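*Asks:* Just so you know, the protein sequences line up as chains A and B, in that order.
For what it's worth, the working numbering labels the leading residue of the first sequence as 1, then goes sequentially.
For what it's worth, the working numbering labels the leading residue of the second sequence as 101, then goes sequentially.
No lab work stands behind these hints, which were simulated from the structure alone.
Worth double-checking, as some hints may not be accurate.
Label pairs and their calculated CB-CB ranges [what the hints assert, rightly or not]:
1. B:ALA422 with A:ARG71: 40 to 46 Å
2. B:ILE446 with A:LEU95: 44 to 50 Å
3. B:ALA156 with A:TRP96: 56 to 62 Å
4. A:THR98 with B:VAL348: 14 to 20 Å
5. A:TRP40 with B:GLN149: 52 to 58 Å
6. A:ALA14 with B:GLY437: 51 to 57 Å
7. A:THR89 with B:ALA422: 40 to 46 Å
8. A:THR89 with B:GLN234: 55 to 61 Å
9. A:THR98 with B:ARG481: 55 to 61 Å
10. A:ARG99 with B:ARG201: 19 to 25 Å
11. B:LEU410 with A:TRP40: 45 to 51 Å
12. A:ARG99 with B:GLU409: 36 to 42 Å
Covered by chain B, per the in silico footprint, the following chain A stretches (three or more residues, Cβ under 8 Å) [to be verified]:
13. 35 to 45
14. 75 to 84
15. 87 to 93
Predicted model only: the values in this text are computed from it and were never measured.
For each residue, glycine too, the CB sits at the ideal point set by N, CA and C.
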Amino acid sequence: MKSKPSLPVVYRLAVTSRVLAAVVGGYLMASLAAVCLALWMPASRADAVITGMMSSFVFYLLAVIWCFACRTAGRAWFGVMLPSAMFATLAGIGLWMTRT
Amino acid sequence: MKEGFRQAMAWLHTWAGLIFGWLLFAIFLTGTLSYFKDEITHWMQPEVQAYPLDDARSLAAAQTYLQQQAPNAARWFITLPDSRDPGLSVMWQDNNDPGKRGNFIQKVLDPVTSQPVQARESMGGEFFYRFHFQLQMPYPWGRWLSTIAAMVMFVALITGIITHKKIFKDFFTFRPRKGQRSWLDGHNAVGVLVLPFHLMITYSSLVIFMSMVMPAPIVASYGDDSRAFFNEVFPNTNNAPALGQPGVLLPLGPMYAQARQQWAGGHVGRLVVNNPGDVNASVNVVRAGADRVVHDFGSSVSFNGTTGELLRVSGEQSLPAAIGGSFYGLHMGHFAGPVLRWLYFICGLAGTAMIGTGLVIWLGKRQLKHAKTAAMPFELRLVEVLNMASMAGLMIAIAAFFWANRLLPVSFAERSDWEVQTFFIAWGLSLLHAVLRRGRQGWVEQLSLGALLFVAIPLLNALTTSQHLGVSLASGDWAMAGFDLTCLASGLFLTWAAWKMQRRAAPQLKAERARGLTLKQEAN
C-alpha cells in the first residue's frame, strides 16, 4: 500500500479522513470513556478518576485500530462516533445525577 | 484498504513507525542513558567528592546553609545523597513577590563543609533525562510531543504483534548475512525478546503524564477545582498557609528520625520545608523512591516545623493509585540495583535497536526497487538522510556532549549551556553532512567519526582529569570506570558497524564474480 504518484486523490482523501478519525475521534472517544469510568465506577472519586485516565489509552488504541481495520473511511468515523455518543450519554446522565 | 485485517495493521505499523521512528529513536536512546543518569553526572562532575553516607550530617549541613541563604523562602527542598548520587542537593523557591510563583534556585552542597560544591557547571546525566521527555522544548510542548510519540509507539507495538502472527515460531528464525531478511529477523527478535519491557515502558510513559494529556475525567469529577483532585490523591501536599508571623524552625534531624521509625527503617528521599521562616512552618519528610517498586508520591510524614508535632502520616495507597505508582516505579527503575539497572539499560538498547532496524527495513525494502536507477526518488532520499542523522548523528552528538564537558574550560561563562549547545550543533552538522553525502558513504563516515569520538573518551578522560581507568578501577570507582568502559564498547560497536557498512558493497560484487567463475568452470 505504498503511496505511488498514481494513487487517486480519492484514496488519499480517504486515508486522511481515517487518520483524522483515529487521532481526533479516537481521542474524543477515549476521553469520554474515561469520563464514564470516572463518574460511574463504584470507588472513591479520586480512584475512579485515576482508573479512568489510566485505562483511557486502551480505548484510544482500540479506536485507532478500528479506524484502519474497517472497510471504508465512513465506517471509521461511524465506528468511533457511535461509542462516543453512547459514552457521552452515559457521562451526561452521570453528571446530572451527581449535580442533583 | 480492501486487504485483510493483518495487512491493514501492517500498513499502520509501517507508517506510524516511520513518521515517529526518528523521534522515538532519540527518546529511547536518551531515556536508556537516563538509567545511568547519576553515574553520567559523576563522570561529568568528577570534582564532586563522595563521602560515606551520613544523613544526619548532610541534613544539618543543608539546614545551616539554607538558614543563611534563604531564611524567608516559600519552600525548601533538601535531597539527601545516596549511594549513586553523592551530591547533597538543596533547592528553594523564592518569595519575592507573594502573588506569583517564585523562581527555583538549586545548589549542590558538600555535606561536610556545608558550602556549595566547586564543580564544573554541567547538567550531566540530567540533560539526557530531561531531553527524553521535554525534547528541549518549552513547557509543556515537549511533554506533549513525547507523550504523543509514546501513544504512536503503543499503536506500533500492538499492530506489530498483530502483523507478526507466528510470533514464537519466527522467534527462533534468524537468517544472518541475508541482507533485508536479517534486518527483519533482527527487528522481530529484539521486538519479541524484550516485548514485556516495551509494553511496560510505553504504557507507563502514557500513565506518567496522564493527568496532563487526559484531563477530561478530572474536569468531569472535580469541575474547575483540579487542585482538589491532587489534594485528595496526595493529602500531604495540602500544607497550612503561612501566617505571616516569624517563627523559629526546629532542627530537622529528629523529624527525619521519627519519619524513618514510621516506615520501619525505610529511607528518606527528600525533605520539603514549607514557609521555613514562619510560625506556621511545616515539614514533609518524603520517602525514597528506591525503597519500593511501587512508587508513592504521597508517601510522607508531615510535621509542624516550629513545634515538631507530628501532623500526618500518609496512609496506604488505594489499588488504582498503587497500579499507577507501579507503572511509574517500573518506568523510572529507582529501585533497581546494579544488575537490574544494567538489565534496564540493555532492554532500553534493545528497544532502540528495534526502532532503528525498523527504519532501516522501511528504506531497504523500497530501495531495492530503485537499485538499478541512478537517482533515488526524493522521499527515499529524505528518509535516508533522516535515518543517518537520527541514528549515527545522534551518537556523534552524544559523544560531542561528553567531549565538550572535558574540553570547555571550567571557568567558561554559561559552560553548562554550551555543553548542550555542542550537542545540538554536532547533531545539526551531522544532518548537514547527511544531506551532502551519498547514502552508504555518509553512513561510513558518520559511524567512523562516532567510533573515533567514543573510543577516545577514556583517553580524553585520562588526559584531562586524574581519574583515568587505572585509577578508577584500582580504587573501585565503578561509576567512573564503567562510564569509560561503556564508551569504549560503544566506540568498538560503531567501528564494527562502520566496517560492516564499508564491506556491504564488496561481498555482493565478489559473489557475482564467484558465480561467474563457477559458471565458467561448469562450461568447461
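*Asks:* Give a verdict on every hint.
*Replies:* For each hint, the structure was consulted:
no.: 1; hint: B:ALA422 with A:ARG71: 40 to 46 Å; verdict: holds, 42 Å
no.: 2; hint: B:ILE446 with A:LEU95: 44 to 50 Å; verdict: holds, 48 Å
no.: 3; hint: B:ALA156 with A:TRP96: 56 to 62 Å; verdict: holds, 57 Å
no.: 4; hint: A:THR98 with B:VAL348: 14 to 20 Å; verdict: violated, 46 Å
no.: 5; hint: A:TRP40 with B:GLN149: 52 to 58 Å; verdict: holds, 57 Å
no.: 6; hint: A:ALA14 with B:GLY437: 51 to 57 Å; verdict: holds, 53 Å
no.: 7; hint: A:THR89 with B:ALA422: 40 to 46 Å; verdict: violated, 32 Å
no.: 8; hint: A:THR89 with B:GLN234: 55 to 61 Å; verdict: violated, 39 Å
no.: 9; hint: A:THR98 with B:ARG481: 55 to 61 Å; verdict: holds, 57 Å
no.: 10; hint: A:ARG99 with B:ARG201: 19 to 25 Å; verdict: violated, 33 Å
no.: 11; hint: B:LEU410 with A:TRP40: 45 to 51 Å; verdict: violated, 38 Å
no.: 12; hint: A:ARG99 with B:GLU409: 36 to 42 Å; verdict: holds, 40 Å
no.: 13; hint: 35 to 45; verdict: holds (count 7)
no.: 14; hint: 75 to 84; verdict: violated (count 0)
no.: 15; hint: 87 to 93; verdict: violated (count 1)
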